Amino acid sequence: MNWFKFSSPQTFYPLAGRLIPVFWVLAVVLAVAGLYIGFFVAPTDFQQGDAYRIIFIHVPAAWMSMFIYLVMAGWAALGLVLNTRLSSMMASALAPTGALMTFIALWTGSFWGRPTWGTWWVWDARLTSELILLFLYIGFMALHASIDEPRRADKAAAILAIVGVVNVPIIYFSVKWWNTLHQGASVSLTRAPSMATTMLLGMLVMAIAFWMYSIAAALSRVRSIILERERNSAWIGQLQESR
Amino acid sequence: MQWGSVGEFFSMGGYAEYVWGAFGVTLVLMVGEVVVLGRRHAAALRDARRLARAGGPR
Amino acid sequence: MNPLLAVFRRDLLQAWRRRADWLTTFFFFVIVVSLFPLGVGPEPAMLRTIAPGILWVAALLAAMLSLPRVFESDFADGALEQLLLSPEPLPLLVLSKTTAHWLLSGVPLALMAPVLGLQFGLDVEAVRVLFWSLLLGTPCLSLIGVVGAALTLGVRGGGVLIALLVLPLYIPVLIFGAGAVETVATGTGAAGHLSLLGACLCIALPLAPWGASAALRVALE
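Chains as they are written, first to last, in the numbering used here: chain A, 1 to 243; chain B, 1001 to 1058; chain C, 2001 to 2221.
FYI, nobody ran anything at the bench for these hints, they're computed from the structure.
It is possible that part of the hints are untrue.
Claimed, not checked - Residues on chain A that point at chain B, a partial pick, calculated with CB under 10 angstroms: (1) Trp24; (2) Leu35; (3) Phe39; (4) His58; (5) Phe103; (6) Thr108; (7) Trp112; (8) Glu149; (9) Pro150; (10) Ala216; (11) Ile226; (12) Asn232.
As the list claims (entries may be wrong) - Now the stretches of chain A that chain C is said to cover, found in silico as 3 or more residues with beta-carbon under 8 angstroms: (13) 128-139; (14) 219-225.
Quick caveat: nothing in here was measured; it's all calculated off a predicted structure.
Beta carbons: idealized from backbone N, C-alpha and C, even for Gly.
Could you put the whole structure together from the sequences, leaning on the hints where they help?
Structural data, given as structure tokens:
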């Protein structure tokens, strides 16, 4: 199979159009299943009560936020090295969804922290790193948005994403280091509840649902980006007539 | 199943505002993103269509 | 003359001709630091605890403020395009410009910080560590910052954008730098923090000029 066939926006646009409904359906079905397991099968935690049920969205969102950044940087780097337009478009399509996931992880983390740690926000290593990740996403999108010429914006944002990827482990390490030095100031954190099998299952199903959601959202956004950037090319005109 | 009644389910063992606050905002944001995506695609399609009609493919 | 040296000398000469610009950055640092006691109150014990953080954050902001100037004038008068065409490897040329930026922004901050540290009631040992941490940390700030400066070159709203891009990347330097000064108060020894700052410098030194040159090529293509 020739994968490069799909690397042109022209062939990818209809393919994405066919794939998107599949991913939406998968996302909804898995989310319903995951929420059912999370709310009706998984038992109440003996330590944290029912507040722990927030992990069914918090952990998947946190995983996706980090993973999407890596994938985004990967696509951006590919677009920079191979000079393929579609990879760069994928990178800019992933960024808002990644930022959304980061925000959800922060928001739900805060709502989980309030009943379990007694405070809305803790300068804990994971929460702080997640906040910095949100800043990195915002930087990527802001840089891309402020350069008018799309290809130049793609390349500049790609360099920023690569610099970000090199930095993320260093930032995480430094924040962890900083956190251990200031243990006295922070609230002693209760560990995540020791997981019953059904809890773990619910979380995994929800994580896959978030995956499907992110893929569908990114594909949908990349279709818009393709239309916006390539509206002057011949194939878009033909696309309209065939509809 | 551990819920005796619908009311018990919604009270979430006393953590209702936290659990529903987290799930509710997540749902609103995700549905919001889907709506925004749909609108953006519709607008892009409309623009492309107008361009194609006006001057034809260049 | 060696072209790398020529670039370096030219940057210093230009800075000397526009010394008001660089003095502004320097006084920005002094003023921001002096504002904090007025904002949080003159309690010596509290000032001593927050001094490392304040001095470091102010240094971060001051170093960032002068970044747009690294490429701006060369970009405006076309000298940057000549640099890109020169046979010398671009990362090395970027490195000499970065060194000039560090000499003009980082070194004055490191020299001034001990005086401000004394104002905050830091003891001599803490002031000594503050000086060395700034001397080790500010080159990292210049190196990371130059990548941001190159990325936002000729971009609308570049001055504000550069803050958004560069400040999150400065976080490790801030943590290790301010942490080094804090260790004096806790008595755990600053060696660990200072060597981590050195490690940051070792990572940034080969990578940042390369990234900045890639960004310059994108900006000027």
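Each hint, compared with the structure:
no. : hint    : verdict
1   : Trp24   : holds (8 angstroms)
2   : Leu35   : holds (8 angstroms)
3   : Phe39   : holds (7 angstroms)
4   : His58   : holds (7 angstroms)
5   : Phe103  : holds (7 angstroms)
6   : Thr108  : holds (4 angstroms)
7   : Trp112  : holds (7 angstroms)
8   : Glu149  : violated (18 angstroms)
9   : Pro150  : violated (14 angstroms)
10  : Ala216  : holds (9 angstroms)
11  : Ile226  : holds (8 angstroms)
12  : Asn232  : holds (5 angstroms)
13  : 128-139 : holds (count 5)
14  : 219-225 : violated (count 0)
This entry does not satisfy hints 8, 9 and 14, going by the numbered hints stated previously.
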